[in-house]
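Let's have the full structure, built from the sequences with the hints guiding it.
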Amino acid sequence: MSENEQNSPSKDENARNEAIFNSELIPHIDALFNFAIHLTYDEERANDLVQETYMKAWRFIGSFESGTNGKAWLFKILKNAFINEYRKQAKRPTKVDFEDVVKYHDAEEGTGVGYLDLNQDIFQGMLGDEVSRALDSLPVDFRTVVLLCDIEGFTYEEIAKIVDIPIGTVRSRLHRARGMLKGMLEAYASKMGYKN
Amino acid sequence: MRGINHDCNKCEEQISSYLDGAFNEEQERQFFASVNNCPRCAEKFEKEKSFKVFIKKKMPVANASRDLISNIRSRIHQDNFRNE
Ligand SMILES: [Zn+2]
Numbered sequence: 358m359s360e361n362e363q364n365s366p367s368k369d370e371n372a373r374n375e376a377i378f379n380s381e382l383i384p385h386i387d388a389l390f391n392f393a394i395h396l397t398y399d400e401e402r403a404n405d406l407v408q409e410t411y412m413k414a415w416r417f418i419g420s421f422e423s424g425t426n427g428k429a430w431l432f433k434i435l436k437n438a439f440i441n442e443y444r445k446q447a448k449r450p451t452k453v454d455f456e457d458v459v460k461y462h463d464a465e466e467g468t469g470v471g472y473l474d475l476n477q478d479i480f481q482g483m484l485g486d487e488v489s490r491a492l493d494s495l496p497v498d499f500r501t502v503v504l505l506c507d508i509e510g511f512t513y514e515e516i517a518k519i520v521d522i523p524i525g526t527v528r529s530r531l532h533r534a535r536g537m538l539k540g541m542l543e544a545y546a547s548k549m550g551y552k553n
Numbered sequence: 005m006r007g008i009n010h011d012c013n014k015c016e017e018q019i020s021s022y023l024d025g026a027f028n029e030e031q032e033r034q035f036f037a038s039v040n041n042c043p044r045c046a047e048k049f050e051k052e053k054s055f056k057v058f059i060k061k062k063m064p065v066a067n068a069s070r071d072l073i074s075n076i077r078s079r080i081h082q083d084n085f086r087n088e
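Chains A and B, in that order, are what the protein sequence lines are.
Everything in the first sequence is counted per the working numbering, starting at 358 for the first residue and increasing by one.
Everything in the second sequence is counted per the working numbering, starting at 5 for the first residue and increasing by one.
Bear in mind the hints are in silico, worked out from the structure with no lab data behind them.
Heads up, the beta-carbon is just placed ideally off N, CA and C, and yes, glycines get one too.
Distance ranges between label pairs, derived from CB positions: (1) B:Asn40 x A:Ser420: 42 to 50 Å; (2) A:Glu442 x B:Pro43: 47 to 55 Å; (3) A:Gly525 x B:Asn75: 33 to 41 Å; (4) B:Phe27 x A:Ser547: 29 to 37 Å.
Pasting the structure below:
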């Protein structure tokens, strides 16, 4: 055993770490970027946030166990980086007319909410941009759980670790977030002349 | 017709758990026995299921640029060389 080993990783170790980085962490970059876009509303900031996330992951690659949940680990790093540096600067989306609806429907479990018939043409014809805008107008804590659960398919446990909240809070936030989203979709539909 | 032990509030919570993949096989079996016993919850289940599918299907997904990927990879690679 050389003295060197204690100070900096060996050449072999570096090569192995880089291989792990490229094969187990880089493949999640699209998912991370998508998450970052919905957090920051800004392509450049999302790029910075993802880059920072990967640099941080690289710095701590020695503590990452190959074969374990790299995706959840990266999401947690990104979430923390966002909270620390980006949250205050995040711009509001420019074209939000869903916003007032959030507050209105935050009263929750309103009449009909939760019983939308999404098979109706009005919803089937809805553009992705409109759904995306509805999501982006949710407060950050709420859109985060929807993104992690419904878009990324993380389990409640994984979400609890990523966001650093108890599982019960994950569940209640999801419930409320979905209620708000339904409210917005409903408001959108009625604006377009649809009667439930 | 509702089962003797059916509790709509509890069942509603279970709908989310099931759809979000939180149940094991046995819990799934119990959930279906319960939800199929109550028309109100069965309807709620269908609506929640289509909502979840709707969100996932409709939401556009942004991809990272090639520049970002190659930037990160080359920074890591350079860092490795510096350490040699
Ligand atoms: Zn019921």
